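A.B. asks: Single-letter residue listing:
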Amino acid sequence: MAMSCDRSRKKWQKVLYKDQGVSDNYVDESFLEEMKKNLHIRTYEFWAVVRESNVVMQQIYSVWIFVAVYFHMRNFVLTPQFLFEMSSAVTIVGYIVNFVILHENALTKSRWKDGKTMGIFLILGFSLSPILMTLTKTISTDTIYAMTFFMLLANLLFHDYGTDAAIVSQAFSLNAAIFASICLASRLPTTWHAFSLVTFAFELFALWPILRRNLKIILSFLLGSVVTVSVATVSSVAVVVFLLLHLFITILCPAWLIRLQPYKNNIHGPWDEAVIKQ
Amino acid sequence: MKHSICMVSDFFYPNIGGVESHIYQLSQCLIERGHKVIVVTHAYGNRSGIRYLSNGLKVYYLPIQPVYNQCILPTVFTTLPVIRNILLRESINIVHGHSAFSALALESIFHARTMNVKAVFTDHSLFGFADLSSILTNKILKFSLAGVNHAICVSHTCKENTVLRGKIDPSDVSVIPNAVDASIFTPTSTERDPEKITIVVMSRLVYRKGADLLASVIPEICSRHSDVQFIIGGDGPKRLAIEEVREHFQLHDRIRLLGTVGHSAVRQVLVRGDIFLNTSLTEAFCIAIVEAASCGLQVVSTSVGGIPEVLPPDMIQLAEPSATSLVESLDKAIAKRRNCQLLSPDGAHDWVRKTYTWQNVAERTEIVYDKISAATEVTLADRLHRYNKCGLVAGKIFIFIAALNYLLLILCNWISPVQNIDLAIDCRKLRRLKTGGVNLEQSS
Chain A
257 MAMSCDRSRK KWQKVLYKDQ GVSDNYVDES FLEEMKKNLH IRTYEFWAVV RESNVVMQQI
317 YSVWIFVAVY FHMRNFVLTP QFLFEMSSAV TIVGYIVNFV ILHENALTKS RWKDGKTMGI
377 FLILGFSLSP ILMTLTKTIS TDTIYAMTFF MLLANLLFHD YGTDAAIVSQ AFSLNAAIFA
437 SICLASRLPT TWHAFSLVTF AFELFALWPI LRRNLKIILS FLLGSVVTVS VATVSSVAVV
497 VFLLLHLFIT ILCPAWLIRL QPYKNNIHGP WDEAVIKQ
Chain B
115 MKHSICMVSD FFYPNIGGVE SHIYQLSQCL IERGHKVIVV THAYGNRSGI RYLSNGLKVY
175 YLPIQPVYNQ CILPTVFTTL PVIRNILLRE SINIVHGHSA FSALALESIF HARTMNVKAV
235 FTDHSLFGFA DLSSILTNKI LKFSLAGVNH AICVSHTCKE NTVLRGKIDP SDVSVIPNAV
295 DASIFTPTST ERDPEKITIV VMSRLVYRKG ADLLASVIPE ICSRHSDVQF IIGGDGPKRL
355 AIEEVREHFQ LHDRIRLLGT VGHSAVRQVL VRGDIFLNTS LTEAFCIAIV EAASCGLQVV
415 STSVGGIPEV LPPDMIQLAE PSATSLVESL DKAIAKRRNC QLLSPDGAHD WVRKTYTWQN
475 VAERTEIVYD KISAATEVTL ADRLHRYNKC GLVAGKIFIF IAALNYLLLI LCNWISPVQN
535 IDLAIDCRKL RRLKTGGVNL EQSS
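Read top to bottom, the protein sequences are chains A and B.
FYI, the numbering used here numbers position 47 of the first sequence as 303, with every residue one higher than the one before it.
FYI, the numbering used here numbers position 49 of the second sequence as 163, with every residue one higher than the one before it.
If you're looking for bench data, these hints aren't it; they were derived computationally from the structure.
Since the model is a prediction, treat every value here as computed from it, not as a measurement.
C-beta: ideal position from N, C-alpha, C; glycine also.
Some clues are possibly wrong.
[Unchecked claim] A short, non-exhaustive set of chain B residues, derived as facing chain A with CB atoms under 7 angstroms:
1. Leu240
2. His270
3. Thr271
4. Asn275
5. Val289
6. Ile290
7. Ser378
8. Val418
9. Glu423
10. Val424
11. Pro435
12. Arg478
Isolated chain B, as found in the complex (with noise of 0.2 angstroms):
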């Protein structure tokens, strides 16, 4: 069965990020099963309005500025007109929303159930319970995923985070991974120095992705091994205090600090490395381990969030988030390298390129499309009903606002009647005219 899916999030291309590429990359996946595919997001500076990226893919940039984080200011009730008018135009039956830090995404699954068309939320990050942000947006997120039909997750960790944090059905919630273009990582063995053991570093040097305990492993393996050097990607406030370590303990023919690396020149940094070092203190999912394999190096990193579950022990050296345990990790790794016992890049590279694929993805998550399609429809009470059960003064809220929004629903469909809206043209009737010669595919 083939869908109409509109896929939207605060992020996504021109910014570059996993969030954005997972969407483009999925789109496209989709796009080739033979679903039709459009993407709506907010508007980038000057970039406004309908462009077309490779395939037909169709993007609404939304005249919307972005407010703050890259996402715009959650008002719920002014999006619905826009949203609307674009869900009848393209004729969209699935509205699939990525990211709980997107307004733009929650409002849309909001309005797309008030209108009874099927809702998808995937959910890429990991949050915590306790502090006070965390307990609002955790809030924002039952309400969310109170109306919303599925739920998707990037890891079995993550599942369980969204779970508690969003009171719902475990089996309401499908676990399906990211994955990586493994025909743009691929392994080299010419450009590795064979006569040092190189560690890549790349991540942001920010706090939260554990530059300080980078700072505090990058002298003692120095000291340990001498023929080990550093490649750091990547910038941050946290710079600094590599640097510093770097001065103090005079490593400055050992550590290179590349600053920001663009993403096209990121495999270019990797397979300089033997082995990839990950640091972070939480992750859902951790893409860049898997990239990072996928150019054959091996992985040491710190054992939080989703990361166990990504790679198979003999791809992955795991080590406790401390200084010592992950030396040791490093220790490990660096012995496995002097004797040749690692995986050889180009076995590594072909397990990624067979294990995380975008097809498989697509695959799965067209899986989650059919059975949702074929359940039954939940009526306005049942929903009132779900929304009652966030909260004993919240629930009383979100009764209210789902009700103002039906509402508002009918308002619009008075002012600007369904059959008055043209259909948009489908673009996978363009492309079987395509092959008869005529090419209307345009780039951006």
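So that you can see chain A by itself, here it is in the shape it has in the complex (with noise of 0.2 angstroms):
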């Protein structure tokens, strides 16, 4: 036990093969003393993190002006003809616009694979389409549009927001995506309303990103506005879905993240995991 008071009592010290005449589970002041909290913490601004909100944002558009086509097109308000028309000249217009922004003094050769690798998918995927049509026929509407919400989920969750974290994988949210279109295909009446709806899906999952990433603009307010147009012309209730959805995300969600930021509780101390110092 621990020895009776001295008035020359020494410091205790923090090492094992003295006996410092105190017993096992004694306490010192200097308990604890090295740890150290909340070293690396980051300050939120709150407009700045609703700015950055707006990749998600942008994502979420994508999904919606999807679903609202492919009612469109249910709906025979949109042709096929007009959809693969508009959507090709705005791909080729995006693509000049993305050669223009990178500068690219690449060799016309890379034009030429482009170009080639582009009619390579127009032509399989037309033939192809009449396969992809019947792929989900036989399963019913419900389960269709059960499967599609959570392939569309998927791929919001799964899409690279440009955070390197360990849930991204662009392949399948891009995967995830192009099924859902293929799940809603089915459900239209010609192979040629199939062909537009999935080359469309193409468009936008898999190129409109590429091109996002390169713009740096926010074109949020335009696009927002389509989107709005498109889905109230759908339905009603849809539309006061997202704008709830758009609001959350944008307003709510970095509002909430700084409200949290003083409960943050990161440990240092000397038992961490040393990192090796250059």
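Take the two lone chains and join them into the complex the hints point to.
C.D. replies: Structure follows, in structure tokens:
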């Protein structure tokens, strides 16, 4: 047990090889002295976070536009020819914009390769579209809609938003979106419908993110209004849900993140695995 | 006061390691002091059932196979009947679990507390807080430590770490360091090469043990001192890095890679050295440096975890975990060696022999046992209350598990009543009979 107090009592040392005359469960004042909390903390500014949340909204816009286009085609408001021509024109314009932005001094060979890829894809897509259409035709519509919902949700979850988290898998995200488009394509009347929808899905989910990353200007407002209008003409309930979702992600989530910052509790101390200093 | 102690862990003989030898040595010393000790562990291949080790140490190899990382599958409730049976048969009054990685130890402590048997837990390692696996492990540890009567840690840093992880009262944690059997690790001067200065490294060649640091330190030291040679014992994924260094700098005659060194051959390798180099990035106690000091080597080590607490400054040179700092410390140690300013090997050995003994560990552990035996019983309501404090959602889950375990215990008591369970023979009585000419000791 502890020694009787003597005035010349030496300071307790954090060593194991000396018998310091105290019991083994003695707690010194220097206990947890070397613990440091919240060393590498980031401070967030509300409007900066709101601007950054835009990245997530852009992908959500893509998903909503896609679903709205499907419903328009199903209601025969949108013809497959119009969709195909519009999406091809926008893709070509986007391609040129991308080329200009990147200032690629690449040889025309790369352009030729891209052209060939596009040609092969179009031909293959067109010839396989009867198969694509009948692939999921026998499944009931409810199941199709449920599967589409989950696939598009997976697309949103695994999409690469610019961080290097473990959950990011660009390939899985794209595959989920294309599978969703095939599911929906089977509900459309003709192969021409199916082909144009799948091509549109590819352009929207595979090519548009690439251009989006390079553009670096916020098209939010324009795109947001396009989505709102197209969804509104399909269903008024959907547009309300969309606007609420928009509000939640753009305003509420940043506010919530900032409100939770004071609860941060990162503990550092001598027990941490050492980081090799160069 | 003499106790009946049950040591539980997934890690025991025939596995060789730090935790294993800790349990064995502690058990032997406690038996010497007159307590009854049994060990409970899982089956190792065909080795299942009851075996006796020296001095009547009874080992229960439960018929459960290890699943992952030499541990059994954690099922919480299925180990209750067998543990209850063992604790009743052997009239155990203290259960002592070892190692936070061991599912069997944590479950046994839980069952012991459900049966109102006192429990002690020894933590041998350091954990982080931030990554996913640490968060889950720490939650499970909170659950275990909420029920335990006392905890033992092998160093002060380990105590701080355990208190933060398990959210227990620091006065419920005792610091009892590891020890080394100094009679095995004796120095000899004949094995050493007098012309050269030999640096010995004895560790697994993995990232955690600082194999990258080692790879960057070796060429620097070899270029500064022409009479220095390295002997590296141990194997692992980073062995390739060391071999590459050897190839690149043409140091074939100055670096010897021995591969995996068996436990009985460690001393033979250690006595060939003048300096022992340890480059670990994290260590709770590091028994290797004490073994090296016992063999008379000067130690150079990274100052991480509990290492600064283990040896006095004249026996160890501490360095930051960076190549430059290690090279500097090695230079100092080499200079001291050249000027014969180091502690003599016999002096170092005597110091270790007197300071880190298993008898001392057993004595201090006995104090812990006495203290918890004298403590008042905790009611079921109090226990559930403590589990509830583990977290908002987790607390409720833990209460449910604890209550269910209690009900299962009542069921076990009804199916196989306490009075029908035969009590096992107490080996202490056998030892006393032994002096009368009856030798019933079996060793395996």
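A.B. asks: Confirm or reject each hint.
C.D. replies: Taking the hints in turn, this is what the structure says about them:
Satisfaction of the interface hint for leucine 240 of chain B is found here, the shortest Cβ-Cβ separation to chain A being roughly 4 angstroms, below the 7 angstroms cut-off. The closest approach between the C-beta of histidine 270 of chain B and any C-beta of chain A is roughly 5 angstroms, which is under the 7 angstroms cut-off, so the hint is satisfied. For threonine 271 of chain B, the shortest C-beta to C-beta distance to chain A is roughly 5 angstroms, which falls under 7 angstroms, so the interface hint holds. A least Cβ separation of about 4 angstroms between asparagine 275 of chain B and chain A falls short of the 7 angstroms threshold, and the interface hint therefore holds.
Annotation: interface hint on valine 289 of chain B holds; nearest CB of chain A at approximately 6 angstroms, less than 7 angstroms. A distance limit of 7 angstroms between C-beta atoms decides the matter here; for isoleucine 290 of chain B the minimum to chain A is near 6 angstroms, and the interface restraint holds. With a cut of 7 angstroms, the hint placing serine 378 of chain B at the interface with chain A is violated, because the nearest CB-to-CB distance is about 27 angstroms. A cut of 7 angstroms between beta carbons decides the hint on valine 418 of chain B: the least distance to chain A is about 5 angstroms, and the hint holds.
At about 5 angstroms, the closest approach between the beta carbon of glutamate 423 of chain B and any beta carbon in chain A falls short of 7 angstroms, and the interface hint on this residue holds. For the restraint placing valine 424 of chain B at the interface with chain A, the shortest Cβ-Cβ distance is roughly 6 angstroms, inside the 7 angstroms limit, so the hint holds. A hinted interface residue such as proline 435 of chain B counts as satisfied when its beta carbon comes closer than 7 angstroms to some beta carbon of chain A; here the least separation is about 4 angstroms, so the hint holds. The beta carbon of arginine 478 of chain B is positioned within 7 angstroms of a beta carbon in chain A (closest approach about 6 angstroms), and the interface hint is therefore held.
In terms of the numbered hints stated before, the structure departs from hint 7 and from no other.
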